[in-house]
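Let the hints inform the model, and build the full structure from the sequences given.
There are 4 protein chains.
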Amino acid sequence: MYRDIPQGPESEEIRRITREFEKEFQLKMGFHMAKHLRCQSDVAFHVYDMNPEAMSRFQAACSTKTKSNIGLASSPADLASKSSVIVTVLPESAHVKDVYTGSNGILEGIRKNTLCIDSSTIDTSVSVDVSKQVIAAEARAVDAPISGGIMGAQAGTLTFMVGSQNDNDFEQAKLHLSKMGKNVVRCGDLGAGQAAKICNNLLLAISMIGTAEAMNLGIRLGLDPTVLASIINTSSGRCWSSDTANPVPDVIATAPSSKGYSGGFKARLMLKDLGLVANAAKDTKSPLLLGSIAENIYRHIAGNQTMADQDFGVVYQWLARGS
Amino acid sequence: MYRDIPQGPESEEIRRITREFEKEFQLKMGFHMAKHLRCQSDVAFHVYDMNPEAMSRFQAACSTKTKSNIGLASSPADLASKSSVIVTVLPESAHVKDVYTGSNGILEGIRKNTLCIDSSTIDTSVSVDVSKQVIAAEARAVDAPISGGIMGAQAGTLTFMVGSQNDNDFEQAKLHLSKMGKNVVRCGDLGAGQAAKICNNLLLAISMIGTAEAMNLGIRLGLDPTVLASIINTSSGRCWSSDTANPVPDVIATAPSSKGYSGGFKARLMLKDLGLVANAAKDTKSPLLLGSIAENIYRHIAGNQTMADQDFGVVYQWLARGS
Amino acid sequence: MYRDIPQGPESEEIRRITREFEKEFQLKMGFHMAKHLRCQSDVAFHVYDMNPEAMSRFQAACSTKTKSNIGLASSPADLASKSSVIVTVLPESAHVKDVYTGSNGILEGIRKNTLCIDSSTIDTSVSVDVSKQVIAAEARAVDAPISGGIMGAQAGTLTFMVGSQNDNDFEQAKLHLSKMGKNVVRCGDLGAGQAAKICNNLLLAISMIGTAEAMNLGIRLGLDPTVLASIINTSSGRCWSSDTANPVPDVIATAPSSKGYSGGFKARLMLKDLGLVANAAKDTKSPLLLGSIAENIYRHIAGNQTMADQDFGVVYQWLARGS
Amino acid sequence: MYRDIPQGPESEEIRRITREFEKEFQLKMGFHMAKHLRCQSDVAFHVYDMNPEAMSRFQAACSTKTKSNIGLASSPADLASKSSVIVTVLPESAHVKDVYTGSNGILEGIRKNTLCIDSSTIDTSVSVDVSKQVIAAEARAVDAPISGGIMGAQAGTLTFMVGSQNDNDFEQAKLHLSKMGKNVVRCGDLGAGQAAKICNNLLLAISMIGTAEAMNLGIRLGLDPTVLASIINTSSGRCWSSDTANPVPDVIATAPSSKGYSGGFKARLMLKDLGLVANAAKDTKSPLLLGSIAENIYRHIAGNQTMADQDFGVVYQWLARGS
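Residue numbers (the UniProt record's numbering), protein chains in the order written: chain A, 1 to 323; chain B, 1 to 323; chain C, 1 to 323; chain D, 1 to 323.
Rather than coming from a laboratory, the hints here were simulated on the basis of the structure. Any given hint could turn out to be false.
Heads up, the list lumps identical chains together, so a pair's fine if it works in one copy or across two of them.
As the list claims (entries may be wrong) - The calculated DSSO-like cross-link candidates involving lysine-lysine, where the alpha carbons are at most 30 angstroms apart (straight line), are:
hint	residue 1	residue 2
1	K97	K282
2	K82	K35
3	K272	K112
4	K285	K259
5	K112	K282
6	K285	K35
7	K35	K179
8	K272	K82
9	K272	K97
10	K97	K132
11	K112	K285
12	K182	K97
13	K285	K272
14	K132	K282
15	K282	K179
16	K285	K179
Next comes the structure, spelled out in C-alpha cells:
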C-alpha cells in the first residue's frame, strides 16, 4: 500500500523510476542510487521499474527497519500521484519521453510543484523539451546527468551536472542529489546539465584514445609504461585517462585495465554518449574532427561483443594488438 | 681567450652550442638556458652559435663579474676541444647530425669522457645514432629534450626527459640540468628522453584539440565557458589543456589564449613535434588515428602565417569561426 | 479551376507539390522537373507550393497551349483529392512528414490507388515510415531520390534511385520519372532508393576530398594539374570527382571549379546528405572513419558563408590555401 | 661470361637489377618484367639479383633459343659496366640509394650515356637525388614507377609513370618500357613519375576505404551489394575501387575480393606507399585529413599477419566484421 506524505522542501520523499534496459543500470546504477536515497530518508519512498522483479529485489535489499516504508508503484503515473520529488534514470531519449509524456506516464499523475530530477544522459533537445512539458504542468524539472559510474554510485561519490530554470530548483535538487553524490554543480539553464555531461565525455573519449595512442607508441619505442605514464602525469600531457584510468594494464593498480577492463565505463556506453555528442554537434553546426573519429573507433570496437562490454580503455588493446 | 680547465665530475665547465634557426630558440630558449647555467657556475664557460652576434649578445648580457670567463668558440670542434661537458639545443635532426658529425663538428674535437647533453627534440633514431657515435669516440652522451617552453626556460623551471646508458651518466647530467630546470627524469636507455617527449606531446596535441572541440560544442549549446571548464576540470575530462592552458580566451587568465595566443607553444612547433611522432609511428608500425588527424589539423593551421606563430591553442579559433 | 480526371495506369496526370525552402530547389530543381513532366503530358496537371508566387511563376512559364490545363492546388490535401499520381520534392525529413501526415496533408485527401513518388532525399527510416502510412491508406508509395543536380534537372538527364514494394509500382513510377531523367533504377524495397542515394553520396564526398588531397599534394610536388589528372583518370585512382568534376580550376572546363565553384552541388547540401549518412550509420552501427571526417570537413567549410554556397569541390581551395 | 655490346639508342640491350626483398617482387614482378624485355630483344641481356638462385631461375625460365644470351652479373657495378640501358626495381628508398651509390653500385661501373630507368616506388626526394648523381656521372636517368600489379606484369599491361629531364630521354625509355606495359606516360621533370604514382595511390587508398564504408553501410541498410554497386557505378560515386576492384566478395567476379582477397595489391604494400605519401606531404606542408586516416587504417590492418598479405580491399572485412 502506498502512503502519501506531506509536501514541503524539507520532506525527503523520493521515488525511483527506472525501466529495464541494461543490467548494469537496472541492477547496479539505479539500485545503488536508490539505496543511498533510501538510507538517508525517513519519509515514504516509492519505486517503479517496468520489471517487477527489480522492484522486489530492491525491497528485499533494504533493511528490515526501513523496508515497511517502501512502496512499489504500478506505473509512472501512479508513482507521480504519490510523490513530491521524483528521480528518473533511463537509458535513452525515447525512454525519457515515454516515461514522462507517454500513456500512464508521469505527466498523467503529476502533482503541482513536484520536483522532477532526470539523471538520464540523453539528447539535450529532448531533455529541454520534456522539462518544459513538466513545467507547463505547473511542476518543476531539472536535468542532472551523472558522472562517476557504478563504482561512484555504490560509494555515493557521483558527480551531478545540473541544469535548472533557477537557483531555487537547483538548491532543492541538491538536497537529494547530495545523498547520492559528492559534487552537485549547477551548469546553467534547463539542458545545461546534459550539455556539460556530453562535452566532458567527448573530451574524455578523446583523451582516452589519445592516451592509448601515446602509451602504445612509447611502449613500441621501448619505454617502460609505468615510467612513461609517470612522466606524462607530471607534464603537459597529463589527464584523467592517463593518471587515474590509464588504459595499459598494471600501470595503475585501481584502473579497470588492471582488472581485465572490468568495472569501468563500458565501451558501448561511451559509444552511446558519443552519439548524443554527434546529434548536438549537428544541431549546433560544430565541427568535431577528433570527436567523430572517436565515435567511429568505438563503433568499430562495439562491433566486437567482448570489447563492447569492457571498459572503454580497451581501445588500448584494439590499437596494440592490431585489428 | 679560451682557457681549458681540469676534468672531473665536480667541474662545472659548460659550453653552449646553438645554431641560428629561429629567434625564439636562439634568442630566448638557448639564451635563458645558458644564463642559468652560467650564473651558477664558477668555471670556464664557452659558447658557440653560427651567428657571432648571438654570441656577443650573450656575452654582453652576462654580469661584469662573470663575463671575463665566457669564451666564444670558433666552431663546434673548437668548443669540444675545450670542454668536459657540452649542452646542445638545435632545431632539427639534420642540425644535430651536422653539429656532431659534420665537418668541424663536435666529434672532431671531442675529449675522452666528455659528457654530451643534447636537449634538442629530434627523431629518436637519429638521437640514438649520434649518441652511439659519441660513445664510440670514448665520450658519453645523453638525450635530454625539454618540456616547458620559453617561460620555463626564463624561470628555470623546465622539465628534462633524459635517456642515458646508465645511472651514472644520468646523475652527471642532472647536476647541470637541474640548474636550468625543476624536474630531471630518467626515462630509460639512450633515446628514451626523445621517445617520452614526443609521446607526451602527441597526447598534448590531442588533448588540446579535444578541449577545443568540447569547449566549442559547449559554448554553442549555450554553456558559459568558465562554468564548463570548471566542471570538466573536476571530472573525467580534466587535462592540462583544459585546466592550465584552456584554449578559450578569458577562461584561464594566465593561458596564452587570454593573451592573444602569444607566449605559448607555437602551432608550427607543435606541427614539427607531430612530424617526429609520425616518423616514430611509421618506424614502430603504431597506428595513430587521432594523432594523424592532429598532425594534419596543425598542418592546415600552419598554412596560415598568423596562426602558425600563435600558441597551438589557436586551434579553438580555427574550429570556432569556421574555415 | 481544378478538374479531376479519370484514373488508370495509362493516364499521366501528375501533380507537383513543393514547399519553399531554398531557391535552387523551389525555382530550379522542382521547376525544371515539373516542366519536363508537363511538356510530355496531355492530362490535367496540378501544382502546389506553399509560396503562391512560385506556382504562378510556373504557370506563366508553361506554353499558352498547355497553360489552361495547369491547376493550382490550395493545399497538399486539395491536390491529393484531384490526383492519381503525386510527385513530391522537399528539403528535409520534417517537411516530408508534414506534407504527407500533417494537417491538410496528402493523407487527408488521398484517393485509393494513387501513386505517391517522393523524390526528396531524407532519412531512410522516415521515408519508410511515411510510405507505410500511404500504403495503409490503400494508396501506393515509392521513394525516388534524385542524382544529377540542377543541370540534370534542366536537361532532363537525372538519375532516379527507386525503392518500391513491388515491380508493378516501380514500373508505374518509371513511366513518369523517365520524362524527367535518363536512368530510373529499382534499388530494392521501400527505402532502398534513399539508402542507395546516401551510400553514393558518402562515396562521392570521400572521393571528392580524396581528389582534392591528391591534386593538392601533386601540385605542391611540382606536377602540372592537367597532366596529373589525366594520369589518375587512366589509372586506379580514377573517379567521377577526378574525371568529371575535378576540383582544381581549369583542369576540366565544364566542372564547377572552372566556373568559380558555381553551378554544382553546394557544400551545405553535401553536408546535409552526410548528416543523413551519419544517422543511418548510427542506426545500423556501421563504422565510418573517412565518412565522419568528410562530414566534419564540410561542417567546417559550411561555417564560411561563401564556401557554404559553392560547389562541394571547394574543399580543394580549403586545403590548398590553408585555413 | 658477359659480353659487352655496341652502344646506341637503337640497341635494346637491357640489364635487370633487383635485390631480394619480397617474394612477389623478386619472383613475380621483376621476373615477369624481365621476361617481357628478354622476349622482345635480340641483344645481350644481363641480370643481377643479390640472390644467385633468383638469377638461375630466370635463366632457366628463358627459352633455349635466347638463354645463351643471358648474362649473370656479379654486382650492380659489373652489370653497369656491360650495359647501355639499365632497369631497376627495388623495394625501398634505401635499396635504390645503395644499388646506385653504394659500394660496388651502378655508379662505380656506369658508362657514358647509359640510360638508367628506375621503376621502384620510392621517396620523390631520394629518386631525384639519385637521378642527379647518375646525370653528374654523364649518364642519363628517368624515374618510371609502375602501376598495375603482378597481373599487369605477367600480362605485359603495366602503366609506367615517367619523370625525365627531357623528351628525348623519355622517348628512349618508352622504347623499352612499352615492351613491359601498355601505357607509358611522361609526368614531367625528374621525380614526376614518383609524384604521380603516390598521388594516384593516395586517391586509390581513399577511394577503396570509401567504397568499403559505403558498401558496408548499404548492406546493413538492406541493399543488395550487386545492385548498390551497379547504381554507384553509373552515378557520381563511381570509381575504380567500386567498378573494377569492388571490395565486397562476389560483386565483381574478377576482383581480388571474390578470390579471398588474393592476387591483388597487398595491404602492406599500400601501407608502404602511404608512408611515401606522408613523407611527401610533410615536405610540402600539404594537409591530408583522409589520407592520414587511410594510412593509419592500413597500419592497423597490417598489424594482423593474415590481412597484411591480402589485397587492400580487405578493409571491407575489417569494417564489416568489427574489430
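Hint check results:
Taking CA atoms no more than 30 angstroms apart as the test, K97 paired with K282 passes in both settings, with 21 angstroms inside one copy and 20 angstroms between copies. Taking the closest pair of Cα atoms, K82 and K35 come within 30 angstroms of each other only inside a single copy of the chain (19 angstroms); across copies the shortest separation is 63 angstroms, beyond that limit. Taking CA atoms no more than 30 angstroms apart as the test, K272 paired with K112 passes in neither setting, with 34 angstroms inside one copy and 42 angstroms between copies. Taking CA atoms no more than 30 angstroms apart as the test, K285 paired with K259 passes between copies only; the shortest distance there is 27 angstroms, against 39 angstroms inside one copy.
For the homomeric pair K112 and K282, neither the shortest alpha-carbon distance inside one copy (36 angstroms) nor that between copies (39 angstroms) is at most 30 angstroms. Within a single copy, K285 and K35 get their C-alpha atoms no closer than 41 angstroms, and across copies no closer than 35 angstroms, so neither meets the 30 angstroms cut-off. In this homomeric assembly, K35 and K179 come within 30 angstroms of each other (Cα to Cα) only inside a single copy, at 10 angstroms, whereas the closest approach across copies is 56 angstroms. For the identical chains of this complex, K272 and K82 are neighbours neither inside a copy (33 angstroms) nor across copies (46 angstroms), given an alpha-carbon limit of 30 angstroms.
Taking identical chains as interchangeable, the C-alpha atoms of K272 and K97 lie at most 30 angstroms apart whether they share a chain (17 angstroms) or sit on different chains (26 angstroms). For the homomeric pair K97 and K132, the shortest alpha-carbon distances inside one copy (12 angstroms) and between copies (23 angstroms) are both at most 30 angstroms. Taking identical chains as interchangeable, the C-alpha atoms of K112 and K285 are never at most 30 angstroms apart, the minima being 38 angstroms within one chain and 42 angstroms between chains. Proximity of K182 to K97 under the C-alpha cut-off of 30 angstroms is restricted to the intra-copy arrangement: shortest distance 28 angstroms within a copy versus 45 angstroms between copies.
For the homomeric pair K285 and K272, the shortest alpha-carbon distances inside one copy (20 angstroms) and between copies (11 angstroms) are both at most 30 angstroms. For a Cα distance limit of 30 angstroms, the shortest separation of K132 from K282 qualifies both inside one copy, at 22 angstroms, and across copies, at 28 angstroms. Taking CA atoms no more than 30 angstroms apart as the test, K282 paired with K179 passes in neither setting, with 36 angstroms inside one copy and 36 angstroms between copies. For a Cα distance limit of 30 angstroms, the shortest separation of K285 from K179 qualifies neither inside one copy, at 38 angstroms, nor across copies, at 37 angstroms.
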